[in-house]
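Chains V and A, in that order, are what the protein sequence lines are.
By our numbering, the letter at position 433 of the first sequence is numbered 433, and the numbering carries on one by one without gaps.
In our numbering, each residue carries its 1-based index in the second sequence increased by 1000.
Since the hints were derived computationally from the structure, they do not count as laboratory data.
Ideal placement from N, C-alpha and C gives every residue a C-beta, glycine not left out.
Possibly wrong hints are sitting among the right ones.
Label pairs and their calculated CB-CB ranges [to be verified]: (1) V/GLY95 - A/GLY1233: 48 to 58 angstroms; (2) A/GLU1321 - V/GLY381: 46 to 56 angstroms; (3) A/GLU1203 - V/GLU158: 26 to 36 angstroms; (4) V/ARG156 - A/GLU1203: 40 to 50 angstroms; (5) A/GLY1451 - V/ALA110: 46 to 56 angstroms; (6) V/ASP269 - A/GLU1203: 54 to 64 angstroms; (7) A/SER1277 - V/GLY420: 47 to 57 angstroms; (8) A/ALA1129 - V/ARG156: 49 to 59 angstroms; (9) V/GLY58 - A/ARG1206: 24 to 34 angstroms.
If you want the building blocks of each chain, they are given just below.
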Amino acid sequence: MNDRQFCSRVIERVAGRAEAQVAVVRGPSGLTRFANSFIHQNVAEDQAAVSLTVSIGGRVATFTSNRTGGDAIDDLIDRSLAAAALRPVDPLWPGMAPAAGVAAVDHYDAPTADAEPATRAAIVRDFIDAGGGLSGAGFCETEGTTVTFANTEGQRCEGSATRAILDGIHQTPLSAGKAHQTANIVAALDGIDAGRMAAEKARSSVDAIDLKPGRYEVVLEPDAVATILIFLAVYGFNARAAIEQRSFVELGSLQFDQTITLIDDPTRDDALGVAFDAEGTPKGATTLIEAGTARSLTHNRRTAGQMDAVSTGHAVSGGGGFGAFATNMFLEPGDASLDAMVASVDRGLLVTEFNYCRVLDPRTLAVTGLTRNGTFLVENGEIAGPVSNLRFTQSFASALGPGAVLSVEDAARFANSDFGPGFAHVPSVRLAEWNFTGGVQA
Amino acid sequence: MFEVVQAAVEGAIAGGATYADVRAQVRRSETIDAQNGVIETLASAEAVGIGVRALLGSSWGFFATPGFDLSEAHQAGARAADIARASASVSGARLELADVEVAEATYATPHQEDPFAVSLEEKADLLVAATDQLAQPEAVAVANAGVAFWDTETWFGSSQGHRIHQHLVESGGGMSAMAADGSETQVRSYPQSFGQFETGGYEVIRRFDLLANAERLAGEAVDLLGADQCPEGDRTLILEGSQLALQIHESVGHAIELDRILGWEAAFAGTSFLDLSELGSMRYGSPLMNITADATLPGALGTFGFDDEGTAAQRVDIVREGIWVGVLSGRDSATIAGITPGGMVRGDGYNRLPMVRMTNVGILPGDSTLEAMIAETDDGVYMSTNRSWSIDDKRLNFQFGCEIAWEVKDGRLGRMLKNPTYTGITPDFWGSLDRLAGPEELVHWGTPNCGKGQPMQVGHTGHSAVPARFDNVRIGVTA
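When you get a sec, could you build the whole thing from the sequences and use the hints?
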């Protein structure tokens, strides 16, 4: 029995007794970790998981299992229905997603899904060799995922996607430099290029000075920008945050600089993932910010029901408590090269990435965190030298506020973020001010 | 079940592994969340499968597969060995495992009441009632309450002959009230932020007595909206126990992980400011600071019988009278460091490679009390319950935010303060520890959400803590 048949069988057997939706997620994944310039952990898994949600008149229960054989169906259904029958009615239950077409996207690459450990090891080898004797650490991951979905409203959808990631640092005894690549095909990963970039940053970061904390102009590279965006997505544009009065977002207001246009769109050819969400709602392009103006919140069916809106297809698996947030963001590039952006800075900092960011105040999206793996002082338009990592305490919302974005890079890439890789495709940005509140040593 | 385990071990050894171990596991979980009087989430899960760890040369190979089919188990062992072999093209020094007693044993979490046997109606009614009470004040915009339970049964075997059956039961939960006035939000949580978690059954939840604390909690959240902002400056800082527990977790627990110290986590979780050459001599904190990693504490969240390498649970001294004396280790890392393995390697489910993890990393109590340390403070701030946490990749520079604080003036608690934060450098901060409450105020706090590793693993760790006082700490950092 294949996953489509499995889902159909589940829905057939539940129909008439409850509303139901079932999803099977299946696929291979492999991750090769390296440290001290050798592979120390190398893992692989054939993942398989089925999730069944049933509703008996608003009494809702979800049961998740990694038993996906035909003999598991009755047990899955019985346990879900039994649990639902014992709980109170949820007056906010929005019902299952209606049948609707899903955009045809092709984000699957068989060689990526089937990549062997040797393929990942070769990429790691290139990364380490390109370091020229520095100490390399990081990981290379390949995965293929197929999601099959069905519900009692007649919605049926299926999608497959692959993802390949190379993320690594090179280290001297006193410094580290970082490079990151995410793509939907493993052939796009270039260990040599990434290794050279990381090594160059590491070597450039030796003999870092401790900079006095304060407010500095900054050029943030894509990995730092991606962290800002995922925080905007989770704590700002997430409709649940708005319902709970935690969000700073005011739709229709010019809350950001006019250079900022942010669109969540998993249907682009170069996007990652499948084109429907965990509730089976089709995904499309959602404009979050249009030339600085906040345009749309992201909804699942529950938040949409609460706000008299329509689900935007942002339900996340198992994440109802977190709400609904964008995971396929594209920040529109600008017209400046990274070199030109740096050249425009009189005195400021070039930041590779942020680390360990946490929200202090959701209403202002005040966040504290640190810089990592390459922070450089820029003076008179040139890199003056490396600085030690700095702690910041900064409102992410106001950092991108009107007039605060001085330029946006003319190129973009998938970046890593404090929440992980692949959520955002972004350029570097130059910001008027960033509030650094402490050095790592003091 | 040990037949399946043995088949996988044999598959790995036949595939060329010099050592292999296998966990066959059945893990059940249940999560129930309520918001504003409505049950939002009722989710149950089970994960059934085997994970094989094979050692070849300098690398671990790991392969996981669902189910307990004998043939597939043997193949999984072979796959694990193949994966380890693929690492040979980028190899390092041969990895050796420190000797441990080859155990044939069983262990089960002592508990009174199977949390999965308690009716869903009873659990749901409790959470609905709690959130109803929390939401009584008009200014409380969001009232949350939740419980979660895990039941994990593992059969562990190794090519050296380990045969261990272990059954862990973990329970926990909590509640929070978030007040809002249109321009800001303030939150109060109980028993701590994200809830309190322990090894044990439903008796853990009953002990919380959520309903008795709801009115106070909601009132404090509302009062915070009108409270004064925490001032900025250097002050005497008194921390409530659960905040000290997180301080220990972040600035001690992760720093003493031997895999971090050896650089194995450098690119992701980070390294450590600690240098093994200073083990036994480096001053970590004041002489009042005594830290242990103790996996045998009854009821604590990081308590078990054997770790996921088959090493028996034990107590290890980490900091003794302020001097750093111990680390968290496994069989491979201990060999490199030349120490005895501490039994601290655990995996998040059958399908994750076990790694060095905190057990119960906690502070031994002193001889003061919260009441006494307030009375002995002329000008300070008392902060309670974590709201945010951030620390650098060497575990040196931290900044924490708490939900609530009170000014301490002339030995008395004064006005309530909102948005309290404090920041510091790990050894300087611990060096300023000058009061520590006694055993009467000791709580085995549990952290159920410790992220580490790639693919990401979520660990359950324990941290015994008491209220503590620190001198001259920078507080009140704002954006």
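Hints and how they fare:
In this structure the supplied range 48 to 58 angstroms holds for V/GLY95 paired with A/GLY1233, their Cβ-Cβ distance being about 54 angstroms. Checked against the hint of 46 to 56 angstroms, the C-beta distance between A/GLU1321 and V/GLY381 comes to roughly 54 angstroms, which is consistent with it. Evaluation of the 26 to 36 angstroms hint for A/GLU1203 and V/GLU158 yields a failure: the beta carbon distance comes to about 45 angstroms. At about 46 angstroms, the beta-carbon gap between V/ARG156 and A/GLU1203 stays in the expected band of 40 to 50 angstroms.
A beta carbon spacing of about 31 angstroms between A/GLY1451 and V/ALA110 contradicts the range 46 to 56 angstroms that was offered as a hint. For V/ASP269 and A/GLU1203, the Cβ-Cβ distance of about 56 angstroms falls inside the hinted range of 54 to 64 angstroms, so the restraint holds. In this structure the hint that A/SER1277 and V/GLY420 lie 47 to 57 angstroms apart at CB is violated, the actual value being about 35 angstroms. Hint check: A/ALA1129 to V/ARG156, Cβ distance near 40 angstroms, so the stated range 49 to 59 angstroms is violated.
For V/GLY58 and A/ARG1206, the hinted distance range of 24 to 34 angstroms is satisfied, since their beta carbons lie about 29 angstroms from each other.
The structure fails hints 3, 5, 7 and 8 (numbered hints given earlier, in ascending order).
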